[in-house]
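Protein chains in written order, with the working numbering: chain L, 92 to 344; chain A, 5 to 204; chain Y, 5 to 204.
None of these hints come from the bench; they were simulated from the model. These numbers come from a predicted model, not from an experiment.
Covered stretches of chain Y, as calculated for chain A (at least 3 residues, CB under 8 Å):
| id | segment |
| --- | --- |
| 1 | 22-29 |
| 2 | 32-44 |
| 3 | 63-69 |
| 4 | 77-86 |
| 5 | 89-99 |
| 6 | 102-110 |
One-sided and incomplete, this derived list gives chain A residues near chain Y with beta-carbon spacing under 8 Å:
| id | residue |
| --- | --- |
| 7 | GLU25 |
| 8 | GLN42 |
| 9 | LEU93 |
If you want the ones that stay clear, here's a sample from chain L, every Cβ over 12 Å from chain A, calculated:
| id | residue |
| --- | --- |
| 10 | ARG144 |
| 11 | LEU279 |
| 12 | ARG282 |
| 13 | PHE303 |
For every residue, glycine included, the Cβ atom is placed at its ideal position computed from N, Cα and C.
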Amino acid sequence: MPATPVADLELDLDAFEGPFDLLLTLLLAENLEPREVDVAAIVVAFVERLEGRGEVDLEACGEFLVLIAALLELKARLLFPEEAAELEGLEPEQAAEELARRLAEYRRMKEAATWLAERLASQRDRWFRLGPAPLQPRGERRLAPQPPAALAEAIRALATPPPSVSLAHMALRFPPVSQFLERFRALLARRSRFDFEQEVGGLSRVEQAVAFLALLELRKTGEIALSQPAPFAPIRVSRADSERTPQWTARSA
Amino acid sequence: MDSPLRLISTNPLDRLARTIEALLVVAAAPLSVAELAQATDDDSERVEMALALLSERYCEGRSGIVLERVAGGFAFRASRDAAEACARLFERPVERGLSQAALETLAIIAYLGPCSRPEIAKIRGVAADSAVASLVERGLVAEAGRERGVGGAVRYRTTPLFERVFGLESLAALPRLDDLAEDAEGLRDRLLEVAEARAS
Amino acid sequence: MDSPLRLISTNPLDRLARTIEALLVVAAAPLSVAELAQATDDDSERVEMALALLSERYCEGRSGIVLERVAGGFAFRASRDAAEACARLFERPVERGLSQAALETLAIIAYLGPCSRPEIAKIRGVAADSAVASLVERGLVAEAGRERGVGGAVRYRTTPLFERVFGLESLAALPRLDDLAEDAEGLRDRLLEVAEARAS
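Throw the hints in and build the complete structure from the sequences for me.
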């Protein structure tokens, strides 16, 4: 697999600033919440990068699509764990209606934000004082006697775990990335190489996505080498020491 | 400045108006008719009459100090003629660098009333934490209790400062959402088409 | 000068005076002649002349707004006639209770001993800045050094006023929370644990 411009894609998001592969590493190490990440901004950054190169790099697009899809799914599930379960039981018409309702709501809010921005611009020549006047007399704040029990009650409330954990949410939990890290390490301790598709063939889409993230993590730490003869061809995973691919190791540095 | 002096000092309504202008020039925020009536120990009707007098005196074109009805009350501000001079001397810390994310979050809180960060994230599809934090820091939104009592997420509402900065008499002065965006019909039809195509 | 009729609208000194009154009504601190000259893009001499005009207009007995020369320059204040109404406006009614945010923050500081704002924010799951600021303003908490020497976050402790308001002889008289933890350290761990669970 030739070097692609995906891993070192520079990002400047609300929650993260740096190269794309560092973003993935942070997500895998659970140092960054997927819900903090603005996926659309990553896509825009990537498209800008492609445009800057002036040629279509199919290899890069393929790798990027896989990564971004995994990221999106991860994020979507985490954002709407219960909704996803709700929508599953719906007929296509109902689901479409529900989605339309949500999209319409978001669109209205975007319109409202635009209105607010315009309103603000029209108020630019309205100046008023923020806060007290320079020669304002100051009154003291006085508080009626308070029961000490209110303090204990507040602490108790803070020490109470959040209520009602829905089972639907539990059912959609992700397998930890570490599970796949261990599994792949064990596999490579026995065999020098394996086929990714064969290993994850029987798993759900979510598990496959997490497995793929585990793969990237192992590549990142230099434990494995990856090869793929052609786009969409099977991904071959091998121990780093047995089949070192110069491009990968160079990029991992 | 221009009306005959004697008249001012003898007319009791004018005396009330003078007290009200004194209150407004030192107040930290707009004062409602009720607050003015309480402070002047007078009745609301007379306070409103005095405010009408003051509105005539402190208006654009006649005075550098302008009386405006905003954020549920009355407040003095600079006349628009003086905007350039104000800009040379003062800053606008509240609205400087307000991001698109912050504006969307603000719109959601203003329109949907008290709502929590998870609710905002659900509508925007991105976590709202930093946007909400910046709005709280600017004083445009404030905490308003927790969802479902104990253990729930903190909810936020807009503040009077929000109304003042955006020049709104009250939240009711926001345009109706229905007037802002086309209805959901067209969108739903498009989605239905896609759903049917997939089902067939 | 022109004919008396057009005096108000065309006299440039009056226009300057109007701009200055606008600046003074927006300013949060007294403005010096130099600042006014800079903002109005005019010279100090003319600014002083305009201020003399304004002093005549905004003076005791004629107006509720009074122009005052103070150490730092010029500022508006309320007239003495309005002193009683001002006292009523700024006298704050005895508040019946604290907001949820303030109560939670106060309880954390009372039970855990000196805490910093980041620590409180971690436990509450929301920024504590405005809650801490309001508690400081009320005199219920006060600064108590910094975390780990210089450069650390400022820590806060409760004050004697806090003990008076809550009817406590000392912090040792706080209601016991033995069922939650043995000591402040245990309580801190427990609260941080729950906060983490809430955030996930």
